[in-house]
Each structure stands twice: as structure tokens, then as C-alpha cells.
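Go ahead and model the full structure; you've got the sequences and the hints to work with.
First to last, the protein sequences are chains A and B.
Quick note on numbering: our numbering labels position 217 of the first sequence as 217, and the sequence is numbered without any gaps.
Quick note on numbering: our numbering labels position 74 of the second sequence as 74, and the sequence is numbered without any gaps.
Because the hints were derived from the structure by calculation, they are not lab data.
Just to be clear, a hint being listed does not mean it is correct.
[Claimed, not checked] With a straight-line cut-off of 25 Å between C-alpha atoms, the simulated SDA-like cross-links for lysine to any residue are:
no. : chain 1 : residue 1 : chain 2 : residue 2
1   : A       : K160      : A       : K172
2   : A       : K28       : B       : D311
3   : B       : K222      : A       : S146
4   : B       : K222      : A       : A227
5   : B       : K222      : A       : D82
6   : A       : K87       : A       : H44
7   : A       : K87       : B       : Y165
8   : B       : K248      : B       : D236
9   : B       : K222      : A       : S92
10  : A       : K131      : A       : E237
11  : B       : K222      : A       : I229
12  : B       : K210      : A       : H44
13  : B       : K210      : A       : A79
14  : B       : K222      : A       : D182
15  : B       : K222      : A       : E237
16  : B       : K222      : A       : P73
17  : B       : K222      : A       : L274
18  : A       : K268      : B       : V221
19  : B       : K222      : A       : R273
20  : A       : K267      : A       : T257
[Claimed, not checked] Label-pair ranges, simulated between beta-carbon atoms:
no. : chain 1 : residue 1 : chain 2 : residue 2 : range
21  : A       : A258      : B       : N149      : 45 to 51 Å
22  : A       : K255      : B       : V351      : 32 to 38 Å
23  : A       : K87       : B       : G244      : 44 to 50 Å
24  : A       : E270      : B       : G244      : 46 to 52 Å
25  : B       : D252      : A       : R192      : 55 to 61 Å
26  : B       : G342      : A       : H88       : 51 to 57 Å
27  : A       : Q137      : B       : E360      : 35 to 41 Å
[Unchecked claim] Rough simulated footprint, nothing fancy, chain A against chain B, three-plus residues with beta-carbon under 8 Å:
no. : segment
28  : 211-223
29  : 274-281
The structure displayed is predicted, hence computed values, not measured ones.
For glycine and all other residues, C-beta sits at the position ideal for the given N, C-alpha and C.
Next come the chains, spelled out residue by residue.
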Amino acid sequence: MNDDRKKAEDSEALPALPKYLSEALDLKLISQGAEALVYFSKAHPYLPATLSSDVIHNSPISPAGYILKFRPPKPYRHALLDAQLTKHRTLSEVRSLYKMMLAGVHVPMFVAVDPRQGLIWMENIDGPSLKKWIWGQEEEIEKKVSDEDSRLTMREQTVKPTLVAVGHEISKLHFMDMVHGDLTTSNLVLRRKDDGSLEPVIIDFGLSQQSTLPEDKAVDLYVLERAFISTHPMHAEEYITWLLEGYLAGFGQGKKTAKFKAREIMKKLEAVRLRGRKRSMVG
Amino acid sequence: MPSRIQVPEPERETIAIGLEGSANKLGVGIIRHFPRPNKNSHRPPAQILSNIRHTYITPPGEGFLPRDTAKHHRSYVVKLVQQALKQSGIPIDDIDCVCFTQGPGMGAPLQSVAIAARTISLMWDKPLVGVNHCVGHIEMGREITGATNPVVLYVSGGNTQVIAYSHQRYRIFGETLDIAVGNCLDRFARTLHIPNDPSPGYNIEQLARKGKHYVELPYTVKGMDVSMSGILAFIDGLANDIFGGKAKYADDGSEITREDLCFSLQETIFAMLVEITERAMAHVGSQQVLIVGGVGCNERLQEMMGIMARDRGGAVYATDERFCIDNGIMIAHAGLLAYETGYRTSLEDSVCTQRFRTDEVFLAWRND
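This is the structure:
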């Protein structure tokens, strides 16, 4: 995230947030993607700040601050097309978030939306991304013990339960026929619960879509596999095995149809692995 | 992943002749490379000795069929090679290698040009070098514009790809899931019965300049990929309605014209292309965009890409019709780069292929 922040500060001409927001609230830019700018705000978008200290902490309202996702207008495209796309994408992201929230998948709770301006408010997830967390764990284990056997044992004790939980979370998503579209280790965040355990939360539904095809879900998993291979090359294979273990177990809790679904997805995943995400074709 | 191979560069001038005929353009070009003056300096710009093209143009409302296109190439190739040689003013003995397009493209035209290449290779006793058409476009674009490590948008009648370099290969980040953007424009030109001379895309661009009303069309970006066939079917339907006497009206009450349709089609599909290019730029952290391929001549596409690149603090690199549209010189250039690293195509391996992906080519000449 630090790198992103630095990059965001370096670039000169940032598309402007609507003035009523940037003037009223203390917003901090935390990342800049191709499509959206992500800001952090301590204050709730519409609850008065005087409430925050005593009321918010005793309510279901998130105390970890808020995230504002802003899709700025793209001056290169026709104004009508731009307005239509911004509205459509903002709404579809919010719909996905809401649907997943109702289904009990761990996603950021959404607070408010302004589709015409391309603004989504949601709760901030306080915790490291899966990528950062694994890097931290690997480093710690390397410091503590030196032989590979005891390192593996330690990884099995710490990293494995988390990855199984992550796999389980993704299975819930796929069971609802929701495809994330950009599953990477940075889009999985670990939230520390009150009892100290970690709970995976899936963020960024900007590319998500509803799909009943096993193919789309297999590609989702494949994209995540590639992310593991490029960011954690040392133990990628082991991590993927654990993750899929949790994924299949998640489906295993369902009825026969769920198991059948899981089998179909695994079959497709094999095929996708062989050919890569792209078909060999010419237009 | 193969380790990076370092190859000694030749310390003399090299010359190649390139033959291109993967679609309806037949191109012959001759290029000269100069050695680096010293180890640390850049390679001096290549010298274009000749660059000749002849296009097979069909009547309005018709596309080019493989068989007729191949026939066109066969009847013009000898003349074009002779012309190219004459224009370059160099003797045959000075040529180092014969480069030709090995794919991707239409089968029959590719084959007829490959036969011509094999023939002159045997006649003149020069080695053959088979070239990937897409790599030819990218290398020529880099050479002409001086872009060092750009994200490449390759848009033509047969290809639509967003490409970035990594580990000695041009990797495809996004592409079309069905038809190419040029194919979409060409086929819409056929629906409107717009002349194919000089090219359907050029004529659509001219009409689009007069368009005023934006008609809403499907917009299909799927992650890093785009899909065009649905848009084409939709706008074809609109056009048929309008020609069939069922007029459509814009919000201000004026009738939708074919200029408006051309305008809306361009705005929509180019916005899709710019969007996936921007995504690739954000992903690899590059600030340069290079547009290659025939559709890359379109000034509206260049303008839109320029606005996007400017907002990201970068710049867009584009070439003009001499190098954007299929040509022999790009094949000669990319072939010569490979030749200098010791690459040869034996006669047995000189078969061409309609399917030849950009990322199949190992780029021995790049080591960054």
C-alpha cells in the first residue's frame, strides 16, 4: 500500500473529487488504480463527528474508519458513455457487495452510494492483506528455525489454517454464483477479530459478475494461483493446495449439487491450467 | 522461463528484404541496420531503403476472400520485389537474408508470399527468416517512435491485443474474445456500402467526423478482454432499420444518420480499447503507449489514447500509414533483428501458420 501511496502523490494531475466532499472531509488517498481512486476517511460520511466517540464504538458501525471509492470521469470517452458506464459499474459493484453481505460472505459493509458521481462508501477493513501477512509469517519462521522440516511444521501451524479459511470464504462466493474477476492476494484482507483470530475478508468487487459457469469460477481460482506464484514463489504450490482444501471443504458442507458443482469447477481448473487464461486463437 | 541469452551483435552493416502478405496488402521492403559505434551507445536508427505496398481492393459491400487475395499477391509479388530492389539501389549480393511473414493471417495469401520468399531465397542463395506478423508491427513501431518499453495496443483487421514486454517475450495482457476491431469496422462499412478505397476504416473515420449524436451501443469489456461481435450485430440492426425506412431519432428530435452511427461505433469501441490499455499500463507501471496496426492510423483513437496517457503522466506513440498499415519493411526489420542473433528458418520449417501467437516468439534480441 505504501508504494501505491507514493505513486499517487507523485502523479501531478489527479482527477478531482467533488468539492463538497474534499472540503468537508479529511480524506487520504490510499491507492490509485486504472479505474478508481481509493480514499480513507476517519469520519462517517453523514453521521455527525460528535457522535463518533461514544456511540459508534458501541454500535455495529465500523470503528476502523471508512473507505471512499471514487470512479473519476474519464475525459477520453464521450460524456454520455462515461456517465452511463460510471453509473452502471458503481451500482453493479454495490449490488454485488450487498448480495454477498446478505449471504454471509465476509465483505466490507457498504455505507452509502452515489452512482452518478461514481462514489461508494464502505467500511474500512483493519488488517493486513494476505500478501503482506504471508510475507511477514515467512520472515518470522525463517528467523525462528533453520531447517526446512521444522519450517514446514510451523507453516502448517500458522499459514495453513488461514489459507484454509480463505479457501472456504471463496467457496461461499462461488456457491452464490458470484465471480470476483480479480482475485489476488492483495484483494484478500485479514481482519483481526476480538478473540485475536484472523478472518478473511474479500474486497474490491469492481470486476465481479454473476455467473453460473464453472469455467468463470475456475478462471477466478487460476488468477489467484498465478498471484500466489508471482508473489510467493517459494511455497506457492503448498499454499494453493491448502487453499483448495478449504475451498472444497466449503463446498462439501452443501448438498449433493454443491459437491457436483465443485467437481465441475476443479475439472475446468485443470483445463484452464493447461492452456492458461487465454485460448489459443486468432480473431 | 528461459534464462536471458546474450548474443554478440554483428559489427557490420546488415541488410534484409521483407515480404508481407498476411491479409489484403502485399508489401515488400528493404532495410539496413548499422552496428553500434561503441558498446555503450544506442544502435543508430535503421535506414529504410525501400517500402512498397500494393493493396487488393474489393468493390463496396464486399470483403476480400482468401483465394482472390492470394491470386492478387501472386500476380504482383515479382513486380514489387523488382521495384523494391530498384528503388533501394543496392545489388542483390549485399542482402543478408530474406524475411517473410510466417503468420498469423489468412492461409492462402500467406502461402503465396511464403512461396515467393522461398524462391528468391534459393535463387539468390540467402537464408530465410520467418517472422511473426505481430512482432513485426511492435518492433517497427519501437524503431520509428523511439518508445523504449511501451504497453502496445495492436489493432488491425485481424488482431486486437494489448501487449507488454516481460522476460524476452511480448505477453498478451488482453485481447478480443471474438472478432478484431478492424474486422468490426470493415464489416460495418460493408453494411453501409462505403467504398473500400483506400480502406473501409479510413472512410468510416471521415464519416464519423461529421457525426453529432451519440447512439447508445453495448459496451463489452470483460476484465482485460473486449468483445466486439455483439456491438457489430447491434449496430448492423440499427443501420438496416434506418435503410429499411424505419428512421431513428436522437434526443433532440433529429434523425440519426449514418454519420452518427459511424461516430457512435468509433466512440464505443475505441473507449473499450483505451480502457483495457489503461488497465495494462496500471498493471505493469508503464507510462508509454504504442499503437500499431492498421486501425492505429485512426486519429480519433490516437487522440483518445493521448488524453488517457496524459492523465497518467505519460505519452502515446503512434506511426503514420506507411508503418501502421501492413508493410514489408516491418517484416524485414524484425527478421533482421532475429537474423543478427543467429536465427534462421530452414526450408523445411518455412511452412506458414494461420495461428501464431505473439507470445510464442522468443525475443533473443531484447535483454532488458
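Going down the list of hints, with the structure as the test:
1. Among the hinted pairs, K160 of chain A with K172 of chain A is consistent with the structure: their alpha-carbon atoms are about 19 Å apart, no more than 25 Å.
2. Only pairs whose Cα atoms come within 25 Å are accepted, and K28 of chain A paired with D311 of chain B is accepted, the gap being roughly 20 Å.
3. Note on K222 of chain B and S146 of chain A: the hinted pairing is violated, with a Cα-Cα distance of about 46 Å set against a maximum of 25 Å.
4. This hinted pair checks out: K222 of chain B and A227 of chain A have alpha carbons roughly 19 Å apart, not beyond 25 Å.
5. With a CA separation close to 17 Å, the supplied pair K222 of chain B and D82 of chain A stays within the 25 Å bound.
6. Proposed proximity of K87 of chain A and H44 of chain A is supported: the alpha carbons are some 23 Å apart, at most 25 Å.
7. Our distance criterion of 25 Å between C-alpha atoms is broken by K87 of chain A and Y165 of chain B, whose separation comes to about 34 Å.
8. At most 25 Å may separate the alpha-carbon atoms for a hinted pair to count; K248 of chain B and D236 of chain B meet this at roughly 13 Å.
9. A distance of roughly 14 Å separates the Cα atoms of K222 of chain B and S92 of chain A; the hinted pair therefore holds under the 25 Å criterion.
10. For the given pair, K131 of chain A sits about 15 Å from E237 of chain A by alpha-carbon distance, which is consistent with the 25 Å threshold.
11. For the proposed pair K222 of chain B and I229 of chain A, the alpha carbon gap of about 23 Å is at most 25 Å, so the pair holds.
12. The hinted pair formed by K210 of chain B and H44 of chain A fails the criterion: a straight-line CA distance of about 48 Å is larger than 25 Å.
13. Between K210 of chain B and A79 of chain A, the direct Cα distance comes to roughly 18 Å. Compliance with the 25 Å bound is thereby established for this hinted pair.
14. Between K222 of chain B and D182 of chain A the alpha-carbon distance is near 11 Å, which keeps this suggested pair within the 25 Å criterion.
15. Proposed proximity of K222 of chain B and E237 of chain A is contradicted: the alpha carbons are some 28 Å apart, above 25 Å.
16. At most 25 Å may separate the alpha-carbon atoms for a hinted pair to count; K222 of chain B and P73 of chain A meet this at roughly 20 Å.
17. Distance check on the hinted pair: K222 of chain B and L274 of chain A sit about 21 Å apart at the alpha-carbon level, within 25 Å; holds.
18. Among the hinted pairs, K268 of chain A with V221 of chain B is consistent with the structure: their alpha-carbon atoms are about 23 Å apart, no more than 25 Å.
19. At most 25 Å may separate the alpha-carbon atoms for a hinted pair to count; K222 of chain B and R273 of chain A meet this at roughly 20 Å.
20. Taken as a hint, the K267 of chain A and T257 of chain A pair is honoured in the structure, with Cα atoms around 15 Å apart against an allowance of 25 Å.
21. Distance hint check: the CB atoms of A258 of chain A and N149 of chain B are about 47 Å apart, consistent with the given range 45 to 51 Å.
22. Remark: the range hint 32 to 38 Å for K255 of chain A to V351 of chain B is contradicted by a beta-carbon distance near 54 Å.
23. With their beta carbons about 33 Å apart, K87 of chain A and G244 of chain B fall outside the hinted range of 44 to 50 Å.
24. Between E270 of chain A and G244 of chain B the beta carbons are some 49 Å apart, a value that agrees with the proposed interval 46 to 52 Å.
25. A C-beta distance of roughly 57 Å is found between D252 of chain B and R192 of chain A, which places it inside the suggested range of 55 to 61 Å.
26. The given range of 51 to 57 Å is respected by G342 of chain B and H88 of chain A, whose C-beta atoms sit roughly 53 Å from each other.
27. A C-beta distance of roughly 38 Å is found between Q137 of chain A and E360 of chain B, which places it inside the suggested range of 35 to 41 Å.
28. As drawn, the segment 211-223 of chain B meets chain A at 4 residues by the rule of a beta-carbon pair under 8 Å; at three or more, the given contact holds.
29. For the segment 274-281 of chain B, the stated coverage by chain A holds: 5 residues have a C-beta nearer than 8 Å to a C-beta of that chain, and at least 3 were required.
Consistency note: the structure conflicts with the earlier hints numbered 3, 7, 12, 15, 22 and 23.
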